[in-house]
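There are 2 protein chains.
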Amino acid sequence: MGFTLRRFLGGKPSKAPLLLPFLLTLLLVGSRGDSNAMDNVATERMAEESHRQDSANLLIFIMLLTLTILTIWLFKHRRFRFLHETGLAMIYGLLVGVILRFGIHVPQSMSDVILSCAVNASPATLLVNVSGRFYEYTLKGEVSRGKGHQVQDDEMLRKVTFDPEVFFNILLPPIIFHAGYSLKRRHFFRNIGSILAYAFMGTVISCFVIGLIMYGFVSFMKVVGQLGGDFYFTDCLFFGAIVSATDPVTVLAIFNELKVDVDLYALLFGESVLNDAVAIVLSSSIVAYQPAGDNSHSFEAMAMLKSFGIFLGVFSGSFALGVATGVMTAFVTKFTKLRDFPLLETALFFLMSWSTFLLAEACGFTGVVAVLFCGITQAHYTYNNLSPESQDRTKQLFELLNFLAENFIFSYMGLTLFSFQSHVFNPLFIIGAFVAVFLGRAANIYPLSFLLNLGRKNKIGSNFQHVMMFAGLRGAMTFALSIRDTATYARQMMFSTTLLIVFFTVWICGGGTMPMLSFMSIPVGVDSDQENSSSAVLDGSQRRNTKHESAWPFRIWYNFDRNYLKPLLTHSGPPLTATLPACCGPLARCLTSPQAYENEGQLHDDDSDFILNDASVSSMYADVTVSTDASGSRTVNPKRSSAASTGGGPFDEGLDHELATAEHEVAIRGTRLVLPMDDPVEPPTTVTLPPPPSPPRSEPRRHRL
Amino acid sequence: MGFTLRRFLGGKPSKAPLLLPFLLTLLLVGSRGDSNAMDNVATERMAEESHRQDSANLLIFIMLLTLTILTIWLFKHRRFRFLHETGLAMIYGLLVGVILRFGIHVPQSMSDVILSCAVNASPATLLVNVSGRFYEYTLKGEVSRGKGHQVQDDEMLRKVTFDPEVFFNILLPPIIFHAGYSLKRRHFFRNIGSILAYAFMGTVISCFVIGLIMYGFVSFMKVVGQLGGDFYFTDCLFFGAIVSATDPVTVLAIFNELKVDVDLYALLFGESVLNDAVAIVLSSSIVAYQPAGDNSHSFEAMAMLKSFGIFLGVFSGSFALGVATGVMTAFVTKFTKLRDFPLLETALFFLMSWSTFLLAEACGFTGVVAVLFCGITQAHYTYNNLSPESQDRTKQLFELLNFLAENFIFSYMGLTLFSFQSHVFNPLFIIGAFVAVFLGRAANIYPLSFLLNLGRKNKIGSNFQHVMMFAGLRGAMTFALSIRDTATYARQMMFSTTLLIVFFTVWICGGGTMPMLSFMSIPVGVDSDQENSSSAVLDGSQRRNTKHESAWPFRIWYNFDRNYLKPLLTHSGPPLTATLPACCGPLARCLTSPQAYENEGQLHDDDSDFILNDASVSSMYADVTVSTDASGSRTVNPKRSSAASTGGGPFDEGLDHELATAEHEVAIRGTRLVLPMDDPVEPPTTVTLPPPPSPPRSEPRRHRL
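Here the protein sequences line up with chains A and B, keeping their order.
Position 703 of the first sequence, counting from 1, maps to 703 under the numbering used here, and the rest follow consecutively.
Position 475 of the second sequence, counting from 1, maps to 475 under the numbering used here, and the rest follow consecutively.
So here's chain A without its partners, still in its complex pose (with noise of 0.2 Å):
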C-alpha cells in the first residue's frame, strides 16, 4: 500500500447524489460464493491463480512493447516514416484489445473470488473478520456504474484495464521529467515569452472556448434528447481542460528528425511541456470548483475566483518544490565529492528527483508539474556538477524509462477502446468535440501569435502558425486525465470522446505532420549546429544575441543566474568572489569551488593559445542538454563541427558534437574498426596540452568493452 502510491481514486466517492443509512445486506456472488465448501485452501489456490493471471497480463503488456521496439526497428531500418512509434503501439494495443475482447472467454472458476458486502461508505481500508482473523483490504476503486452482478463475466478485462492512478503515479512522472531534464534550453529561453504566453493563456483561452462549444452542444442535445444522463457547465470546462494539453512526444519526435527551424520546435516543445502541467492543475481546480456549487453547477463568481486561487497556489507551491529540490541536489553534488562514485551520484541523482513527486504529493500540491521543474532546475544546474558517466547515465536512464513508460500508455490507450467496459459513444457528442477542439486550437494559436507578433522582433510566420495549429496532438497527458476518473455518465461520454480525439490526432496528425510540413514550405533539414558555429566563433556574440532578442526580465534573470546562481550552486560560471560585492567576500570564498577560479581564467583569456584546452574544457562542463527522440535513434549528422567551434560555450554545442561522435562510432562499428581515412589524427598545436581530438590514451578503450 505504502508502495504502489494508489490515490485510491479520490475524486470518485464524492459524487453519489443520494446518501441511503446503513445498507447492510451481503450478496455473494458467484457460483460457489455461497456455500461452505469454499475453505481456506481454495482461497490460496485461486489467490495463487489470481497472482498467476496478473503476471500473464502484464506479461500481455511486456509483450506489446516488445513486438512494438521491433516494428519499429523495421520502419527506422526501413526509414519508413509516416507512422510514429506511438501510432504502432496504440495499433498493437488496439489489435489486443480486439483479440482480449472477442477472442478469450474468462473461466468461470475466476469468478468465485468476487464477494459482495454491502456498507454505507467506501473507506480506504477495510478489514474483514474471517474466523476470528482480520484480512485487510484496500480500495482499489468503483466498479462501473450498477454491473455489480454481471461482474463476473467481464473480469479479465477489467483486470487488464488496471488502476488508472498507475499513469498518475507512475507512468508519468519519468515521462514528464525526462521531457525538463532533456529542454533545449537556449531555444526555450529565447522564445521563453511566447512560449508562457501559449501555454498559460493559451491553454486557458482553449479550455473556456471548447468548455463553451461543448455546452453549447450539450444543451442542443439535451433539447433533442440525446443527452442519456447529467452534463454541467463545469463537466464542459473539465473537458476543456483535459483535451487542451498537446502532447510533447509524437511530432517532435518528426521534428527533431527532420530539423525542422528550431524556434518553430522550441515553441512547440515549450508549450506542450508546460501545457500539461497548465491542464494538471486547471482541471483540478475545476473539480475542486464543483463542490462549491454542489447542487447547482452554475457559474458563481466567488467560486471562480476561489478556483483561480487554488489554481495559483497549486501551480507555484508546486513549481517552487520542484525548484527546491533541484538546488539541494546541485547543492549536495557541488559540496561532496559524490563524483568519484558515478553509481552513488545516479542514485542520489534519481532518488532525489523522485523524492520530489512524493513531497509535492504529500503537500498536496501537484507532483508531475513539481517533477518538471524540478528536471529543469537539475538541467540547468546539477548536470554541471555530475561527472562525466553521472551526466551518461542520468540521461541514458530517464531516456530509457520515458521510452517504456510512453510506449506503454500508448499501447495501454489503444488496449483500452476495446477493454474498458463503460464507454459512452455518442456520435453529436464527438463531432461537437471535434469541432471544439479545432476551434479551441484555432483560438489558441492564431489571436496570440498576432499579439505576440507585435512585441517579437523575428515574426511567428502564418505557415508557422498553420503548422501550430495542425501539430497539436492530444496524447498521454489527456488520456491519462481524462480516464482519472471515469464514475459519472458525463465523465463516460468524456472519456471515450478523448479517446478517439487521441487516435485521430495521432495517427492523422502525426502522420501528416511531414506533407503538411512540405506544403507549408517550412524549411526542412535546418542545421542548427551550422548556426552555432558561425556565431561562436565570433566569441559569445550568440549569447548577446539571445540576451537581445529576449525582455528584459529575461535579460535581468539571465545576468542574475549567470553571476550569482550559476557560481553558487555548480562549478560553472565566474567565482563568487568576483560577482559578489566585497563585503560577502568570506562566504563568496567558501562557497566558491576551485574550479570557478579556473574558469575564471578562461572568461579573460577567451583569445589565449589556451582556447583548445578551454574547448575541451567547457565542452567537459558545458551546459549541455540531453536531446535524443524519445525513439533513440540519432539523427544523422554528416559534418563534423571543427574544432575551432568548440569555443562557443555553454549552449547545445556539445549535444550536436555528441551527435556527430554518435555517427562516427556507428561508422566505425559497422565497418569493424577500419577507420575513416578522411578523418586524420590531428598534430599536436600545444607542447604541454595535447590537443583535444587525441585524448588520452586509455580513455577510449574503455567504450569499447
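Treat the hints with care, since some could be wrong.
Examples of chain B residues lying across from chain A (beta carbon under 10 Å, computed) [what the hints assert, rightly or not]:
#, residue
1, 52
2, 66
3, 73
4, 76
5, 350
6, 355
7, 392
From the derived model, a few chain A residues whose C-beta atoms are all more than 12 Å from chain B [said to hold, decoys possible]:
#, residue
8, 76
9, 348
10, 434
11, 443
12, 446
13, 518
14, 556
15, 558
To be clear, the hints were calculated from the coordinates, so they are not data collected in a lab.
Just so it is clear, CB atoms sit at the ideal spot from N, CA and C, and this is done for glycine as well.
Fit chain B to the supplied structure of chain A, relying on the hints for placement.
Structure of chain B alone, referenced to chain A:
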C-alpha cells in the same frame, strides 16, 4: 492490480484451523464510523489523506536511502571499511524504526478509515456495495492475529510495514539478475563443480542439519514449557531452508575491494548466488509438502519424495525458462540490426529479462530463479551482440537497480525490527538458532571441502575453508523468505530470529572479514589482471589451463559452447561453416554472421602483425563480464595492462582494462584534463591502422559531454 503484481499473500489464508459458518457481524471501528455524518465527501478527503500518508511513508524510505548514499560516500572518501553500506543502511533503518515506534503518535483521524466487516472467507477481490455503487477492494494481507480492535493504534507502523511480496516481485529480481549478469564467468566455470556441490548439496545438508537441531531445541522448549504455540518438524525444516541461503552482497563487496584470491572469491560468490535459488525452491517444496501431512506434520517418505519431485521440477523448469528467454534475446539481437539504436536495444533487453520473471511466475515456476539463469545467459551470449553503448547502458542500469533495491531491503530490515508488530523473541529459540546456523554452515563447508579436495588439483586450503565458514552471511534472501509469511506463531518466531541472525552476521561477520583475512594469512591485493596478462601472452594457454583444470563434462560443454552455441547465438567465435559438418552447409551459412568469418581469420593469424587490430577488435567484441562491486566503487588498479595482453581473449580481461581506464579517467577528471605524463601517446605501429591507444579522434569527445 495487474500492475503491482501482488500475490495476495498466497500462503496465509490456508492456515485457519477452524472454519466457522457465516459470521455476518459488521464491526465499525473508529469513533465516527457508525454515524451518518460519514458521507462520501469525507471518504474522498480520507482517501486523499491516505494517499498523502503513503507518499510520506515512501518519502521516509527515499530519505533514508539518500542519507545512506551520502554516508557511504563519506566512508569511502575516508577509506573507512569496517562497516559496509548494507550494515549502514540497516542502522539508519533501525533509527527510523525507533523514531516511528516511540517518537510519533498517529493522529486519531487516521483510524476513521478503518471499517471492519466480517465474512466467512477472504477472497482476493471484494466488492463493496455503497449506496448502489460498487467499489472493488483487493486483499492486502492479514493483520496480526487477534489485534483487530487495537488496529487503529498502530495504523502508521502497519502502513510502513508494507506488503512483503514487494520484495519478491519488485526488489529481488533486479538483485538476482544483476548477480547473474555480473558473474565473473571464467573463475566461476573453473570452479563450477565445487560451486555446485556447495550450493546444492551444501544447502540441503545445512537445511537438514539446522532443521534437526532446531527440532531438538523446540522439543526441549516444549518440555520446559517455553513454547507459546505450535512448531512442527516441517517448520524446523522450513527454518533450515530459509537461513541456509548466504548473501552475495556484503562480504563480496569487501573481497572485491581488497582483491582477495580469485578462486576463493569465485567459490563464495558462486555458492551464494546459486544458494538463493536453491533456498527458494527448497523452502517452497517444504511448504508444498506440508498440506499433505496437514494435521500430522510428521515425516512421510512418500510426501518427502513428492517434495523432492517438486524441487527438481520447479528448479529445472525455472532454469530452462531463464535460459530460453536469454537465448531468444540473443537470437533477436543477433539477427536484427537493432544495435544501431542503443535505446531500443536496451529497452528490448530490459523487457525480455523482465518477461522471464513474469513468464516463470505465470507458469508456476520461480521467477527469481529463472531471472538468475536468464542473467547468466544474457551475459554469456546476448552481451556479445549488443552495441558498445548498450553494453554500457544495460550494465549501468542493472547496477543502479541492484544498488537501490539492495539498500532499500537492508534499510527496511532495520526498520522492521521496530515497526513489525508481531515479533516473538524467544531467548532459547534464538540461542538454538545461532548454534544451529553455525553448525549447519560447518556441516556444509568442512565435509564437502574434504570430499572436493580429493578430486581438485588446486586444493581448497583450510584457511579458505575457515573464511568460507565465517563469510556465510545471511541477507536479503533470508529476510525476504522469512517475511513472506508471518501468520502463525512459528513463523513469527522464525522471522524475529532470522532478523537477529541477519543483523549479527552482517555487522559482526561482515565487519570482521578484514581481521579474519589477515588472521588466516590469506593474501590480499592479488591482481587477477597480472595472472591474465602473463598467460595471455602465451596465446590461449590460460584457456587451455581452464580446460585442463576442469572435469570432462565441463570440457565437453566448453567445446560445444565454443564451436556451436557461441557462433549460433552471437557474432563471435569461429563461423558455423567451419565447425558444423559439411552437410549442414546452407543452414550454417545463413546462421553465421559476417563478423564470424573475420573472427576465423583472427584465430589463425594470432601472431601476425594484425595483432594490434585483433586486440582492439577482441576487446571490443570479447565476451566481457561486467563487474563492479555493488557499491559502485571502482577497485584501485594502478597497473595498466600492456597492449600485448589484449590478445588474451574471451574471458574477463576486458573488465580489467575497463577498471584501469576508469581509474585513469578519474585521475584526469580530478586534475582537470592535465594528462598524466607517464602515459605518452604511442606512435602507430602499422601504417594502415592506427594503434588501439589512439582511437578515431571524434570518439572520446562524446564521453566528455
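So, going through the hints one by one against the coordinates:
{"no.": "1", "hint": "52", "in the structure": "5 Å, holds"}
{"no.": "2", "hint": "66", "in the structure": "5 Å, holds"}
{"no.": "3", "hint": "73", "in the structure": "5 Å, holds"}
{"no.": "4", "hint": "76", "in the structure": "6 Å, holds"}
{"no.": "5", "hint": "350", "in the structure": "7 Å, holds"}
{"no.": "6", "hint": "355", "in the structure": "5 Å, holds"}
{"no.": "7", "hint": "392", "in the structure": "7 Å, holds"}
{"no.": "8", "hint": "76", "in the structure": "6 Å, violated"}
{"no.": "9", "hint": "348", "in the structure": "5 Å, violated"}
{"no.": "10", "hint": "434", "in the structure": "32 Å, holds"}
{"no.": "11", "hint": "443", "in the structure": "34 Å, holds"}
{"no.": "12", "hint": "446", "in the structure": "37 Å, holds"}
{"no.": "13", "hint": "518", "in the structure": "26 Å, holds"}
{"no.": "14", "hint": "556", "in the structure": "30 Å, holds"}
{"no.": "15", "hint": "558", "in the structure": "23 Å, holds"}
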